[in-house]
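> So the chains spell out like this:
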Amino acid sequence: MTKFDTIETMKKVNSVVAPAGHETPVAEIFMELARPFCDEVYRDVMGSVIAHKKGPGKKLMFSAHMDSIGFIVTHIDEKGFIRCHNLGGIRAANVVGTPVKFANGTRGVFLCPSDKTLTDLTRVSEGYIDIGAHSREEALERVQVADVAVYATETYQSGDMIFSPYLDDRIAGIILLKALEELKDEKVENDVYFVFSVQEEVGTRGAMTAAFAIEPYAGVALDVTRTGDELGGKPRMECYVNGGAAIKVVDSSLVCSPALVAAMKDCAKENKIKWQIEVLEAGGTDAGSIQRSRSGAYAGCISIPTRYIHSPQESCSLSDVEDCAHLAAAFAKKALTF
Amino acid sequence: MLELVKKLCTLDGVSSFEDEVRDFIRARVEAKGCEAFEDAMGNLIVHRPGKEAKQRVMFAAHMDEVGFIITDITEQGYLKFAPVGGIDTRVIIGKRVTVGEKRTPGVIGIKAVHLVNREARKVVPKPDDMYIDIGADSKEEARKLTEQGDYAAFDSMPVEFGDGMLKARAIDDRIGCATLLRLIEEGPDVDAWYAFTVQEEVGTRGAGPASFRVRPDTAIVIEGTTAGDIPEAAEHEKVCRPGKGAVLPFMDNSAIYPPELFEELKGIAEKNGINYQVKEYVSGGTDAGAIQRAHAGTRVAAISAAVRYIHSPSCVASIKDFEDIYRLAAEYLKGQVK
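From first to last, the protein sequence lines stand for chains A and B. By our numbering, the letter at position 336 of the first sequence is numbered 323, and the numbering carries on one by one without gaps. By our numbering, the letter at position 260 of the second sequence is numbered 374, and the numbering carries on one by one without gaps.
Hints may be right or wrong, so weigh each one.
Stated by the list, open to error - Straight-line distance between alpha carbons at most 27 Å, and here's what the computed DSS-like set of lysine-lysine pairs gives:
{"hint": "1", "chain 1": "A", "residue 1": "252", "chain 2": "A", "residue 2": "321"}
{"hint": "2", "chain 1": "B", "residue 1": "358", "chain 2": "A", "residue 2": "66"}
{"hint": "3", "chain 1": "A", "residue 1": "259", "chain 2": "A", "residue 2": "46"}
{"hint": "4", "chain 1": "B", "residue 1": "209", "chain 2": "B", "residue 2": "253"}
{"hint": "5", "chain 1": "B", "residue 1": "352", "chain 2": "B", "residue 2": "380"}
{"hint": "6", "chain 1": "A", "residue 1": "88", "chain 2": "B", "residue 2": "352"}
{"hint": "7", "chain 1": "B", "residue 1": "352", "chain 2": "A", "residue 2": "103"}
{"hint": "8", "chain 1": "B", "residue 1": "380", "chain 2": "A", "residue 2": "88"}
{"hint": "9", "chain 1": "B", "residue 1": "209", "chain 2": "B", "residue 2": "240"}
{"hint": "10", "chain 1": "B", "residue 1": "352", "chain 2": "A", "residue 2": "66"}
{"hint": "11", "chain 1": "A", "residue 1": "66", "chain 2": "B", "residue 2": "380"}
{"hint": "12", "chain 1": "A", "residue 1": "103", "chain 2": "A", "residue 2": "66"}
To be verified - Covered stretches of chain A (chain B as the covering partner; in silico rule of three or more C-beta atoms under 8 Å from a C-beta of chain B):
{"hint": "13", "region": "-4 to 10"}
{"hint": "14", "region": "22 to 35"}
{"hint": "15", "region": "68 to 75"}
{"hint": "16", "region": "184 to 193"}
To be verified - Computed beta-carbon distance windows for the label pairs:
{"hint": "17", "chain 1": "A", "residue 1": "43", "chain 2": "B", "residue 2": "375", "range": "38 to 48 Å"}
{"hint": "18", "chain 1": "B", "residue 1": "169", "chain 2": "A", "residue 2": "43", "range": "32 to 42 Å"}
{"hint": "19", "chain 1": "A", "residue 1": "325", "chain 2": "B", "residue 2": "115", "range": "51 to 61 Å"}
{"hint": "20", "chain 1": "B", "residue 1": "375", "chain 2": "A", "residue 2": "219", "range": "41 to 51 Å"}
Please keep in mind that the hints were generated in silico from the structure rather than gathered at the bench. C-beta atoms are modelled at their ideal positions from N, C-alpha and C, and glycine is treated no differently.
Please model the entire structure based on the sequences and the hints provided.
In structure tokens form, the structure reads like this:
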């Protein structure tokens, strides 16, 4: 029985407010959860958590970003309404009516001004958050400029799917924890760094500096990817929930190293892990930053097919999560031969 | 300080043509007995020895300014040009410029109003539709004064006016250069590094290599930033206001400043009675992003001057803000003694 129940662990990591650039609260949780399963765990200058499981072979870096998208306060008006800027990609019109929470427990909702329509709402800064304050002074007692907020939506299971905010990319952090647990009493042949990176949502920034410090021979990002089976059929993409761990070939941040992709497919086949291929036309991952750090590294990605990415309720398959964890563990264990 | 800012604002330093600014700074720094190193890109890196610091601190300011580059000379002797850096085409029509090191006077011309129909007047002309008139009556005459690849800079002398305001070109970022120079010349006796960077306005290109060389633990960028305290801007779009003190941003499009360092600077300002304002909008990028991620990671912050009509020949800033910016930087440095 795993220590890391997907739903319960997701609730735990989502209990804090930790959007891009403000990851400390979630970093502390991941550090505590990873510590029993690795040789050392530390944070780097940018704040990424690095869990090191030593092995005799080449350096292999996994990267799952622990930051979420969110809001940062820019201005509080005379009536106590709060203006924000987005941290990462938020489509303002898609999140109108979404409940949000601040680190100190303040609750509120993101709204569209009454003199605007949803189509006018092209930027988060054109909407506002109502925290139930009636004046600037009252609002300032609870919220300051530069404070951050995140979606305050629920995590739950429905059918064989998990619905939650911030599966992107905390589900991948949980997958790394599961892989670490699976490897608990095992010797790994590679020298493995499990990185819970920061600031992916604002441009894969944390993986860049972490990779510079670690100097991996190969890097594998774990991140959510889109699926081809949402209602409406777009994007046209042959990657499906319940289709197994998705092995990335390309996204807009990198073309995965063919040798690594081949090794990962072989690894899945040898270990009878359900897998599928992923070709993503848009979106980037930490793998792009890792690939081009210093003099370059082999790079690829294990993706979790996920619906409604960046919305307040993303959804993915619980069995895909297990497949991804098994694949990461198996890939960490066996010596890289490319 | 004011005289230094004014002097710096008369020097040409269009991106990649920073020579005049660099030469001026180098002479001052060497007169002070500090070593100044010019790297391959043209960044000027200065180490000022002093009492041992707790960490390696670097201050950064960019020497370059927005301007133009000559792309072609017409048969009639007019100069075609392209903007260098982010220039709003609407502000350049009819403005005076000087071309190249010879400072050939010129004016940005466009078809006269009498020759333009009503419809065309509603459209903002593109740089392609404009030209620089240097009074030459043939291509040959023009060639005696300039050539393709030459730069053109705004021709605008500093003027003090109104309630302690300064109008000048290139306050972004000669205010930063002046602050760094003053720190070197009369700042606290603490070991620190100073990077006068190139090519910020075309994509923060110089700062990364400077950071890679210096490897600072913490870097403070001193910058000019957009002030929006003008009649048309809504309250939440005013960004910051000249005269209200040093501007502390919590993020920009290039970097999220670590909250601890942002708070530390706020604390220093409050403790020492230094006027400051938190920037209430997120826009633009600075050297901070490139510095943060050039190696294994640097803690970054920015101290900015609120500048109206930034990137125009007539930037407007408040003279007393300069003192607040210097004092905040100096107090931070003072606190770095081991």
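> Regarding the pair residue 66 of chain A and residue 380 of chain B, is the alpha-carbon distance no greater than 27 Å?
Distance of about 26 Å is within 27 Å: holds.
> State, for the Cβ atoms of residue 43 of chain A and residue 375 of chain B, whether the hinted interval 38 to 48 Å holds or is violated.
holds, 39 Å
> Between residue 358 of chain B and residue 66 of chain A, does the CA-CA distance stay at or below 27 Å?
holds, 23 Å
> Within 32 to 42 Å or not, the Cβ separation of residue 169 of chain B and residue 43 of chain A?
Distance hint for residue 169 of chain B, residue 43 of chain A holds at roughly 35 Å.
> For the pair supplied as a hint, residue 103 of chain A and residue 66 of chain A, is the alpha-carbon distance within the 27 Å limit?
Holds, because 18 Å separates the two Cα atoms, which is no more than 27 Å.
> Holds or violated: are the alpha carbons of residue 352 of chain B and residue 380 of chain B at most 27 Å from each other?
Within the cut-off at roughly 20 Å; holds.
> A range of 41 to 51 Å was offered for this pair. Does it hold for the Cβ distance of residue 375 of chain B and residue 219 of chain A?
holds, 45 Å
> Counting residues of the region 68 to 75 of chain A that have a beta-carbon nearer than 8 Å to any beta-carbon of chain B, does the count reach 3?
holds (count 3)
> Taking only the CA atoms, is the gap from residue 352 of chain B to residue 103 of chain A under or equal to 27 Å?
Measuring from Cα to Cα gives roughly 20 Å; hence the hint holds.
> For the region 22 to 35 of chain A, do three or more residues have a beta carbon lying closer than 8 Å to a beta carbon of chain B?
holds (count 4)
> Would the pair residue 88 of chain A and residue 352 of chain B pass a check requiring their Cα atoms to be no farther apart than 27 Å?
holds, 26 Å
> Is the hinted pair residue 380 of chain B and residue 88 of chain A satisfied, with a Cα-Cα distance of at most 27 Å?
Holds, at roughly 25 Å.
Of the numbered hints listed earlier, not one is contradicted by the structure.
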